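Whenever a hint applies, use it, and build me the whole structure from the sequences.
First to last, the sequence lines map onto chains A and B. The opening position of the first sequence corresponds to residue 0 in numbering that gives the first Met the number 0, with each subsequent residue numbered one higher. The opening position of the second sequence corresponds to residue 0 in numbering that gives the first Met the number 0, with each subsequent residue numbered one higher.
Since the hints were derived computationally from the structure, they do not count as laboratory data. From a predicted model like this one, the values you see are computed outputs, not experimental measurements. Ideal Cβ positions, reconstructed from N, Cα and C, are used throughout, including at glycine. The reader is advised that the hints may include incorrect statements.
Claimed, not checked - Part of the chain A face toward chain B, derived, beta carbon under 10 Å:
id: 1; residue: R73
id: 2; residue: L81
id: 3; residue: H150
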Amino acid sequence: MPTIVDIQDLRKSYAGGFEALKGVNLQIEQGEILALLGSNGAGKTTLISTICGITTATSGKVTVGGHDIKDDFRAARSMIGLVPQEINLEPFEKVLNTVRFSRGLFGRPADEAVLEKILRQLSLWDKKDSQIRELSGGMKRRVLIAKALSHDPQVLFLDEPTAGVDVELRKDMWEIVAGLKASGVTIILTTHYIEEAEAIADRIGVIAKGELLLVEEKNALMARMGKKQLEVQLTEPITEVPLALQLLDVELSADGQSLIYTYDTNAERTGITKLLSKVAESGLVLQDVATRQSSLEDIFVGLLQEDAA
Amino acid sequence: MNWTAIKAIYAFEMARFFRTITQSIISPVLSTSLYFVVFGAAIGSRIEEVEGVSYGAFIVPGLIMLSVITQSISNASFGIYFPKFIGTVYELLSAPINFFEIVIGYVGAAATKALFIGTIILITAFFFVDITIQHPIAMVAFLILTCISFALMGFIIGIWAGNFEQLQLVPLLIVTPLVFLGGSFYSISMLPPVWQVISHFNPVVYLISGFRWAFFGSADVPILTSLAAIALFTALCLGVIWWIFRTGWRLRA
Chain A
0 MPTIVDIQDL
10 RKSYAGGFEA
20 LKGVNLQIEQ
30 GEILALLGSN
40 GAGKTTLIST
50 ICGITTATSG
60 KVTVGGHDIK
70 DDFRAARSMI
80 GLVPQEINLE
90 PFEKVLNTVR
100 FSRGLFGRPA
110 DEAVLEKILR
120 QLSLWDKKDS
130 QIRELSGGMK
140 RRVLIAKALS
150 HDPQVLFLDE
160 PTAGVDVELR
170 KDMWEIVAGL
180 KASGVTIILT
190 THYIEEAEAI
200 ADRIGVIAKG
210 ELLLVEEKNA
220 LMARMGKKQL
230 EVQLTEPITE
240 VPLALQLLDV
250 ELSADGQSLI
260 YTYDTNAERT
270 GITKLLSKVA
280 ESGLVLQDVA
290 TRQSSLEDIF
300 VGLLQEDAA
Chain B
0 MNWTAIKAIY
10 AFEMARFFRT
20 ITQSIISPVL
30 STSLYFVVFG
40 AAIGSRIEEV
50 EGVSYGAFIV
60 PGLIMLSVIT
70 QSISNASFGI
80 YFPKFIGTVY
90 ELLSAPINFF
100 EIVIGYVGAA
110 ATKALFIGTI
120 ILITAFFFVD
130 ITIQHPIAMV
140 AFLILTCISF
150 ALMGFIIGIW
160 AGNFEQLQLV
170 PLLIVTPLVF
180 LGGSFYSISM
190 LPPVWQVISH
200 FNPVVYLISG
210 FRWAFFGSAD
220 VPILTSLAAI
230 ALFTALCLGV
240 IWWIFRTGWR
250 LRA
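Okay, structure coming up:
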């Protein structure tokens, strides 16, 4: 896939000396969903704001669709839609008017059919004449998305689209994002919910303290860093790990009912065969066997600890 | 130039104005009528004539200027401050438009509203006094220039203001006194010599004087001086706006 957003050594420092971005390099591919994961204050919003023109970079270069965001800002910004983190809307304005305004602001000629299509896509059409203050929080977020989509952007930035949103609405938002991806829009979303990145992203970038620690395919990331655990449940509880198994990295669960073996899926030998034969040798009787993969959350916490060390 | 974007901002701002059209018309008509009752009828009966013009007619240009200046400033300052306050300014900053296009949209709308109010006051005045406008083209030109230049000033105030108090501060503490002391209700020549000299440092004097010349053909200061003064003021505002554009002051982090 060709690169649609190219970020080279992007830096942002504030007058007080605080460095919000410390040389970020990132290539975003056309048509993908990239999730930028990081805790509050990691630099996610600063990164997005800089690309969109709300904040001025201290140094570095960003191009969108080959257009420099400074020298060729009109072409670059025409390709971008931004859904901000805060619900920034005029309370007394009507839904349709505010979306129409956004389209005009981006220099696109008035086109009621396009506006209708977007509002229908986001289930906002029957609210088109409502004042924004009359809408629920979830509806307001949809209005923000409608505004961002009003000029047919090719790249959509969603800054914490589900922050403070209940579970049902969050699933709803994921469906909207999936629908947008299907229509060919490249999506960059920031989140501090790991499950969100896990659920919808193609690639995941992890940001901490203004640095991009890694960017990787979600599946590759999980496979590379993912550890698996094998749980062997026993028919009778035991008090200590049998001698034959002590050489292997086996732990006994607190209730003595199961043995837990952690292994690396990428290793040449996982050691499972050996483990199971030793279990049989020890005279233990198996009730059940289960494996589980470590979640993105474990990986993320591990990365941040590594970074802090 | 992104004219579509300018039109979008202009139309959006004008729509806000027309939503409250009744208030927009009633309030200036009412206050102008009050001025005519108090100044025109009560005081005017004792002054009778100023520079050959009945006092009631004499205050018309000043009254229009008073409203037009305050309206231009408040419309433009509120117009740009409000998006900053509620956060919708992110959209202006991320749109493919430059700062001057934003200025044209907001200042244009603010100036249009002020011009609208000015016209309504003029129409109201016709009901109270007999006025003949000697230089109608100059009158309109002066009115438009004033609307634009003070809307520019209002825009700067709106960018600068960090809260609603600051938004009111400059109009209340500087502009209103300058307008009242700028000869809205009297001729500078009626003042003691010292105050006449001091008055010449008040930029509003030149505006009102020039505007009055367009109505009655006589003025406190030569018409060219008035024109030069308003041109200088407009240039000053444009200079400040250019500087804001260069630095992104109070807009872009």
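Quiz prompt | Status of the hint placing A/L81 at chain B (closest C-beta pair under 10 Å) | solution = Holds. Min distance 5 Å.
Quiz item: Given A/R73 as an interface hint, is the shortest Cβ-Cβ distance to chain B below 10 Å?
Solution: holds, 4 Å
Practice problem: Against chain B, run the beta carbon of A/H150 and see if the smallest gap drops under 10 Å. | Solution: Check passed: Cβ of A/H150 comes within 9 Å of chain B, closer than 10 Å.
Every hint from the earlier list agrees with this structure, and none is contradicted.
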